[in-house]
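Q: For this one, chain G is given, so just place chains Y and U on it according to the hints.
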Amino acid sequence: MSTWQIARLVAAKDLRVEWRSRVVTNQVLPFAALVMVMFAFALDNDQALTRVAPGLVWLAAMFSLLVLVQRAFAVETADGALDALKVAGVRSSGIFLGKALALAAQLAVLEAVLLVAAILLYRTEVPAGGVGVLLATYVAATAGLAFVGTLYGGLAAGARGRETLLPLLLLPVVAPVLIGATRATEAALGTNDAMPSEGWPWFGLLALFAAVFGAGGALAFGSLIDD
Amino acid sequence: MTTDTRSERRPTSTTFTRWLGAAVLAGLAWLALFGLVLSPNDRVQKTGVRILYIHVPTAWLAYLAFIVTGVCSVGYLWKRSRNLQWDRVAGASAEVGVVFMGITLVTGMLWGKISWGTYWTWDSRLTTTAFLFVTYIGYLAVRDLGGTHHQRARRSAVLALLAVLEVPLVHFSVKWWRPLHQQESVAEGKLNGLMMFTLFVGLVAFTLLYVWLVLHRQRAMAMDDMVADQGLDAALAERREEAVR
Amino acid sequence: MRLTDVVAVVGGFPVLAGATLTVERGEIVLLQGPNGAGKTSLLRLCAGLLAVERGTAEVLGHDLSVDRTSVRRHVGLLGHSNGLYADLTVADNVRFWGATVGASQDEVSAAMERMGLAARLAHVRVARLSAGQRRRTALACLVARRAGLWLLDEPHAGLDATGRDELDATLREAAASGATVLVASHELERAGSLATRTVEVAGGQVR
Numbered sequence: 001m002s003t004w005q006i007a008r009l010v011a012a013k014d015l016r017v018e019w020r021s022r023v024v025t026n027q028v029l030p031f032a033a034l035v036m037v038m039f040a041f042a043l044d045n046d047q048a049l050t051r052v053a054p055g056l057v058w059l060a061a062m063f064s065l066l067v068l069v070q071r072a073f074a075v076e077t078a079d080g081a082l083d084a085l086k087v088a089g090v091r092s093s094g095i096f097l098g099k100a101l102a103l104a105a106q107l108a109v110l111e112a113v114l115l116v117a118a119i120l121l122y123r124t125e126v127p128a129g130g131v132g133v134l135l136a137t138y139v140a141a142t143a144g145l146a147f148v149g150t151l152y153g154g155l156a157a158g159a160r161g162r163e164t165l166l167p168l169l170l171l172p173v174v175a176p177v178l179i180g181a182t183r184a185t186e187a188a189l190g191t192n193d194a195m196p197s198e199g200w201p202w203f204g205l206l207a208l209f210a211a212v213f214g215a216g217g218a219l220a221f222g223s224l225i226d227d
Numbered sequence: 228m229t230t231d232t233r234s235e236r237r238p239t240s241t242t243f244t245r246w247l248g249a250a251v252l253a254g255l256a257w258l259a260l261f262g263l264v265l266s267p268n269d270r271v272q273k274t275g276v277r278i279l280y281i282h283v284p285t286a287w288l289a290y291l292a293f294i295v296t297g298v299c300s301v302g303y304l305w306k307r308s309r310n311l312q313w314d315r316v317a318g319a320s321a322e323v324g325v326v327f328m329g330i331t332l333v334t335g336m337l338w339g340k341i342s343w344g345t346y347w348t349w350d351s352r353l354t355t356t357a358f359l360f361v362t363y364i365g366y367l368a369v370r371d372l373g374g375t376h377h378q379r380a381r382r383s384a385v386l387a388l389l390a391v392l393e394v395p396l397v398h399f400s401v402k403w404w405r406p407l408h409q410q411e412s413v414a415e416g417k418l419n420g421l422m423m424f425t426l427f428v429g430l431v432a433f434t435l436l437y438v439w440l441v442l443h444r445q446r447a448m449a450m451d452d453m454v455a456d457q458g459l460d461a462a463l464a465e466r467r468e469e470a471v472r
Numbered sequence: 473m474r475l476t477d478v479v480a481v482v483g484g485f486p487v488l489a490g491a492t493l494t495v496e497r498g499e500i501v502l503l504q505g506p507n508g509a510g511k512t513s514l515l516r517l518c519a520g521l522l523a524v525e526r527g528t529a530e531v532l533g534h535d536l537s538v539d540r541t542s543v544r545r546h547v548g549l550l551g552h553s554n555g556l557y558a559d560l561t562v563a564d565n566v567r568f569w570g571a572t573v574g575a576s577q578d579e580v581s582a583a584m585e586r587m588g589l590a591a592r593l594a595h596v597r598v599a600r601l602s603a604g605q606r607r608r609t610a611l612a613c614l615v616a617r618r619a620g621l622w623l624l625d626e627p628h629a630g631l632d633a634t635g636r637d638e639l640d641a642t643l644r645e646a647a648a649s650g651a652t653v654l655v656a657s658h659e660l661e662r663a664g665s666l667a668t669r670t671v672e673v674a675g676g677q678v679r
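If you read the protein sequences in the order shown, they are chains G, Y and U. Heads up: the first sequence begins at 1 in the working numbering, then just goes up one per residue. Heads up: the second sequence begins at 228 in the working numbering, then just goes up one per residue. Heads up: the third sequence begins at 473 in the working numbering, then just goes up one per residue.
If we strip away everything but chain G, and leave its shape as in the complex, we get (with noise of 0.2 angstroms):
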């Protein structure tokens, strides 16, 4: 099978597996709510929140990546599919596309969750302007958090103490994507004076990144969940 379709095929049975089990819609999605009220809490500031918002949607959608690669690892480690999945012989960059894919789908939905969360706690606005940077930067910041997301949640996945393990080695890699994805939506929403057409050099950085993981991890995928 070519490399596309068991993408498509381990994509569908994961997203599948959300679909049955509800883990994610049941328990992240609260989860990441919860921590946009908590920053709320420590904050304590309406004209902060407003001016740090970006910041804190694309924070809380950091802390809710590690939340969802363990789930994304744990289903294939329950049972021992990740073995069986080994032994079926697909390709170990189908795998990782597809388990990407899969975890793209799921950020998507709760980034966007957490930006409606921004406007209505926060007091922010979208100004019509800004609308195709945002865009632009959720699509691309999503890709690059699955990439390395799904890289590191399958090194780790195998591991003693991956629990520990996976934030260590995933927090400083996704550093970039926090940086350049509140810089682009602080200029999407217009924080701090900024104009929408300061966003996209940091798009393109974001663009770069999610090029480069995703190349990266399906080519270095296989040497890291084989041992």
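Each hint should be verified, as a subset may be incorrect.
[Stated by the list, open to error] Taking CB as the label site, the calculated pair distances span:
(1) U:Glu672 - G:Leu34: 55 to 63 angstroms
(2) U:Arg597 - G:Thr77: 15 to 23 angstroms
(3) Y:Pro395 - G:Phe63: 23 to 31 angstroms
(4) G:Phe63 - Y:Leu260: 48 to 56 angstroms
[As the list claims (entries may be wrong)] Covered stretches of chain U (chain Y as the covering partner; in silico rule of three or more C-beta atoms under 8 angstroms from a C-beta of chain Y):
(5) 527-537
(6) 663-676
[What the hints assert, rightly or not] Reference excerpt, derived from the structure (chain G facing chain U, CB under 7 angstroms, subset only):
(7) Met1
(8) Ser2
(9) Leu9
(10) Ala11
(11) Lys13
(12) Val17
(13) Arg20
(14) Asp79
(15) Gly80
(16) Val87
(17) Ala88
(18) Val90
I should point out that these hints are in silico values taken from the structure, not numbers from a laboratory. Glycine included, each C-beta is placed from N, C-alpha and C at the ideal position.
A: Below, chains Y and U alone, put in the same frame as chain G:
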């Protein structure tokens, strides 16, 4: 056979590394002499400038150490023969690099407090350095995951190459984020002749220290691997005994 | 397949300590031996999941000491764990694992039929099944994979009488059509009548 090698005493040093070790001690003493006594106070930074004689060499060597780790990781993956020596040098260099980078960060913060009045600024060089530090701590954690020698080697080599992808992305994103940063004092030529010479002494001393540490550490790792292999022979014999019982 | 003096190591412990075994196509070989003898490791090695530390291993024409990934496509392994997704239904699981080798919908249905997973169970989530029913589902996934080498670890455990009969018949059919079958089992009478040959595994070796 196995008992022979066990009872035999095998130090990690050779004549060369003993001389090198002596040179390291001499170099550090020389650095202490120049850094603490002979070199003058800076006009602006006063005595705080002396921190740079440790801070700058350790920073340079930490970066060099991580480059060595990257190159050795490629060396391991390049040929199909998969020589473990590459992997051990990569691991040893990363360990020394993490220690040096820790020293860099601590001395840098102290120096920052003295010269800038603050321990930390979010400039790109500082932030990239901090991220490198954490990234290679993660790399060392992955080296410890277990498995056979070659499993360890392949996994960590791939991870080291991914770090090579990550570092420029972190560096440039931080750079764009905070475009203003402190100029390098060395490049500006604010240090006078004796200060530059002291810095040079520090660089030589720490380079020798780095080479000495990596040589010993990779030999210790080779011995660890050997002990594991010899343990395998003993364990194999024991395992075969089970069948007779 | 031909294993010669194979040593395999897991966490520094030699699970296989010089195993030598030759099996021809169409054979059903029973591996017997005490717990910890190395039966499971032998099966995992043949599936390309364990590295060959020393010795040589040739499985279905693939040299495992050179490359242990290309053989996997042709191998079906039923280990201690079932490799099932608990949140998916029986039909979802069999379809997914069948699809990894490009099995058609008919072949998937036939595999489920073969293991007696009647329409009643097809749309039940695996999490709700009993241990025996899960084992049947895992076997159906294996049937759908149409492997050239079948590796089964305690396949009879947890199965009821009809399940065992169905399993035995399935393995005989597979062997008759040219597949090689290795079964590790403690249930000597049951598996013994199935096997064309019995070998004893002890201390990481085959005798």
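Q: Could you run down the list of hints and mark each one as holding or not?
A: We went through each hint and held it up to the structure:
1. U:Glu672 - G:Leu34: 55 to 63 angstroms: Taking Cβ atoms as reference, Glu672 of chain U and Leu34 of chain G lie about 59 angstroms apart, which means the hint holds.
2. U:Arg597 - G:Thr77: 15 to 23 angstroms: At 19 angstroms between Cβs, range holds.
3. Y:Pro395 - G:Phe63: 23 to 31 angstroms: holds (26 angstroms)
4. G:Phe63 - Y:Leu260: 48 to 56 angstroms: holds (51 angstroms)
5. 527-537: violated (count 0)
6. 663-676: holds (count 3)
7. Met1: holds (6 angstroms)
8. Ser2: Hint on Ser2 of chain G: violated, closest Cβ of chain U at ~11 angstroms, above 7 angstroms.
9. Leu9: holds (5 angstroms)
10. Ala11: Constraint on Ala11 of chain G not satisfied, violated at 12 angstroms.
11. Lys13: holds (5 angstroms)
12. Val17: holds (5 angstroms)
13. Arg20: Status holds, d = 5 angstroms.
14. Asp79: holds (5 angstroms)
15. Gly80: holds (3 angstroms)
16. Val87: holds (5 angstroms)
17. Ala88: Holds: closest Cβ of chain U sits about 4 angstroms from Ala88 of chain G, inside 7 angstroms.
18. Val90: At about 5 angstroms, which falls below the 7 angstroms cut-off, the nearest Cβ of chain U leaves the hint on Val90 of chain G intact, so it holds.
Hints 5, 8 and 10 from the list above are not met by this structure, while the remaining hints are.
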